[in-house]
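Novice: Sequence:
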Amino acid sequence: MKKLCMILLLFSAFSFGQNQQENQQEVWRNVKSIEADFTQEIKGEKGAIPVVYKGKLYAADNKVKWLYVAPLAKEVYLEKTQAYIYEPELKQVTIGNLKENVDFIQILKRVQKIGKDSYKTQIGDIAYYVIIKDSKPYELKYTDSIDNVITIRFENVKMNAKIDGSVFIFQPPDDVEYIDAS
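Going left to right, the sequence shown walks through residues 82 to 263 as my numbering numbers them.
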């Protein structure tokens, strides 16, 4: 009887652990919006000095805004497969098309657990790795199409908070040059 109770207890603990894992993944599938501060590091060729950017991320409803504040100001707007990159110092807007919808929420919704707090998803040719800390996205890492390794760390993450739709409206000044990169 004692062995039976021990087996049932172990089975219950195992089932509870599986349910927690499933619930954690289910949380990611229900993400509606994310707002966070970020630090982005881009590593190119071996020996090259990494480039580090800082800024704010807003994502909701297949729309994303990456607001870079350092070392240079830049705004990146993504909506489904359309991209706009505004660089104020250059007075330039680059317009392009993406092969896939790669907004951050889509990455989180497709994620599969690969380790304790590690997740992975594949969108097109790129594998995205996500690390979770305190039940929130902490790090996103991937290698882009030109072999740069991009690591983005998030702080002050707010999930499912209401984000005003005006955040995603791209309105550059009248005196900018437009570059079609499609």
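Treat the hints with care, since some could be wrong.
[Claimed, not checked] For each label pair, taking beta carbons as the anchor points, the in silico distance ranges come out as: (1) Asn178 <-> Ala154: 34 to 42 Å; (2) Leu153 <-> Gln252: 26 to 34 Å; (3) Pro169 <-> Gly246: 36 to 44 Å.
[What the hints assert, rightly or not] Straight-line distance between alpha carbons at most 20 Å, and here's what the computed EDC-like set of lysine to aspartate or glutamate pairs gives: (4) Lys124 <-> Asp245; (5) Lys201 <-> Glu168; (6) Lys222 <-> Asp245; (7) Lys239 <-> Asp206; (8) Lys222 <-> Glu116; (9) Lys137 <-> Glu116; (10) Lys113 <-> Asp225; (11) Lys161 <-> Asp245; (12) Lys214 <-> Asp245; (13) Lys172 <-> Asp255; (14) Lys214 <-> Asp228; (15) Lys217 <-> Glu126; (16) Lys127 <-> Asp228; (17) Lys239 <-> Glu126; (18) Lys222 <-> Glu122; (19) Lys137 <-> Glu160; (20) Lys135 <-> Glu168.
Calculated from the structure, these hints are not laboratory results. Just so you know, even glycine gets a beta-carbon here, dropped at the ideal spot from N, CA and C.
Novice: Are the hints correct? Go through all of them and say.
Specialist: Right, here's what the structure says about each hint:
| no. | hint | result |
| --- | --- | --- |
| 1 | Asn178 <-> Ala154: 34 to 42 Å | 24 Å, violated |
| 2 | Leu153 <-> Gln252: 26 to 34 Å | 20 Å, violated |
| 3 | Pro169 <-> Gly246: 36 to 44 Å | 22 Å, violated |
| 4 | Lys124 <-> Asp245 | 33 Å, violated |
| 5 | Lys201 <-> Glu168 | 31 Å, violated |
| 6 | Lys222 <-> Asp245 | 28 Å, violated |
| 7 | Lys239 <-> Asp206 | 29 Å, violated |
| 8 | Lys222 <-> Glu116 | 18 Å, holds |
| 9 | Lys137 <-> Glu116 | 7 Å, holds |
| 10 | Lys113 <-> Asp225 | 25 Å, violated |
| 11 | Lys161 <-> Asp245 | 18 Å, holds |
| 12 | Lys214 <-> Asp245 | 26 Å, violated |
| 13 | Lys172 <-> Asp255 | 10 Å, holds |
| 14 | Lys214 <-> Asp228 | 27 Å, violated |
| 15 | Lys217 <-> Glu126 | 31 Å, violated |
| 16 | Lys127 <-> Asp228 | 11 Å, holds |
| 17 | Lys239 <-> Glu126 | 34 Å, violated |
| 18 | Lys222 <-> Glu122 | 10 Å, holds |
| 19 | Lys137 <-> Glu160 | 17 Å, holds |
| 20 | Lys135 <-> Glu168 | 15 Å, holds |
This entry does not satisfy hints 1, 2, 3, 4, 5, 6, 7, 10, 12, 14, 15 and 17, going by the numbered hints stated previously.
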